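S.K.: Spelled out from the first residue to the last, the chains are:
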Amino acid sequence: EADIYQTPRYLVIGTGKKITLECSQTMGHDKMYWYQQDPGMELHLIHYSYGVNSTEKGDLSSESTVSRIRTEHFPLTLESARPSHTSQYLCASSDDGDYYNEQFFGPGTRLTVL
Amino acid sequence: AQRVTQPEKLLSVFKGAPVELKCNYSYSGSPELFWYVQYSRQRLQLLLRHISRESIKGFTADLNKGETSFHLKKPFAQEEDSAMYYCALLTGGGNKLTFGTGTQLKVEL
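For the record, the sequence lines run as chains A and B.
Start counting the first sequence at 1; every next residue gets the next number (this note's numbering).
Start counting the second sequence at 115; every next residue gets the next number (this note's numbering).
It should be emphasised that the hints constitute simulated quantities derived from the structure, not laboratory data.
Model, not experiment: these values are computed from the prediction.
Do not take every clue at face value.
In silico negatives: residues of chain A with every beta carbon more than 10 angstroms from chain B [unchecked claim]:
1) K31
2) L43
3) S67
4) H73
Calculated cross-link-like contacts (lysine-lysine; reagent style DSS-like; alpha-carbon spacing at most 27 angstroms) [said to hold, decoys possible]:
5) K136(B) x K187(B)
6) K18(A) x K31(A)
7) K129(B) x K210(B)
8) K171(B) x K57(A)
9) K187(B) x K31(A)
10) K171(B) x K220(B)
For each residue, glycine too, the CB sits at the ideal point set by N, CA and C.
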């Protein structure tokens, strides 16, 4: 079934730890995105990718990094987590050929850094 | 820089009453606007987009370039409409969505 998967769904971790948030899609989409959302606030684009080996920074500056080695996989990494990284992280994808530019979202990862 | 404003954090209406969720945008280019919705314990999903001029679940939204608005309307609210609604503007050559802060719609019986 075509879908977007994010793991873990919830993560509580201590300061200084390295973490990787996983995002995979079986939609066959070229474009993928990472958004960050603090409670009660808007979603902010932090990274996006047009396809394999393509990554761009979004509108909100982030200390995280991403990679796109496979079309279906777009992991986000924090080398040293801090309490300011506590947030919800949403992964999304879209079809490059879609005239309507619809983005499809994953279930999200809620990260808490103690 | 582009910006999307949703002035109401919470909108509470009675079942059967009309609904209007406000959205204003600021963008120097030609706007392409969307409404996304998130129902309780579900994912964020597209509700409608201005370019297709469609009505989804009884909701419509008209782009008013003069007032730079894209308000979401429904003539008769239903209980199942209770959700979080986000207005979004597509920029960056069709690669970036700029979201508003969202409006929580609560439909009371």
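S.K.: All the hints need checking, so say for each whether the structure fits it.
M.R.: Okay, the hints, checked on the actual structure:
1. K31: violated, 7 angstroms
2. L43: Given that some Cβ of chain B is not farther than 10 angstroms from that of L43(A), nearest at about 4 angstroms, it is violated.
3. S67: holds, 18 angstroms
4. H73: Its Cβ never comes within 10 angstroms of chain B, the nearest being 19 angstroms, so this holds.
5. K136(B) x K187(B): Between K136(B) and K187(B) the Cα gap is close to 9 angstroms, so the pair holds against 27 angstroms.
6. K18(A) x K31(A): Holds. K18(A) to K31(A) sits at ~26 angstroms (cutoff 27 angstroms).
7. K129(B) x K210(B): violated, 35 angstroms
8. K171(B) x K57(A): violated, 35 angstroms
9. K187(B) x K31(A): violated, 31 angstroms
10. K171(B) x K220(B): holds, 16 angstroms
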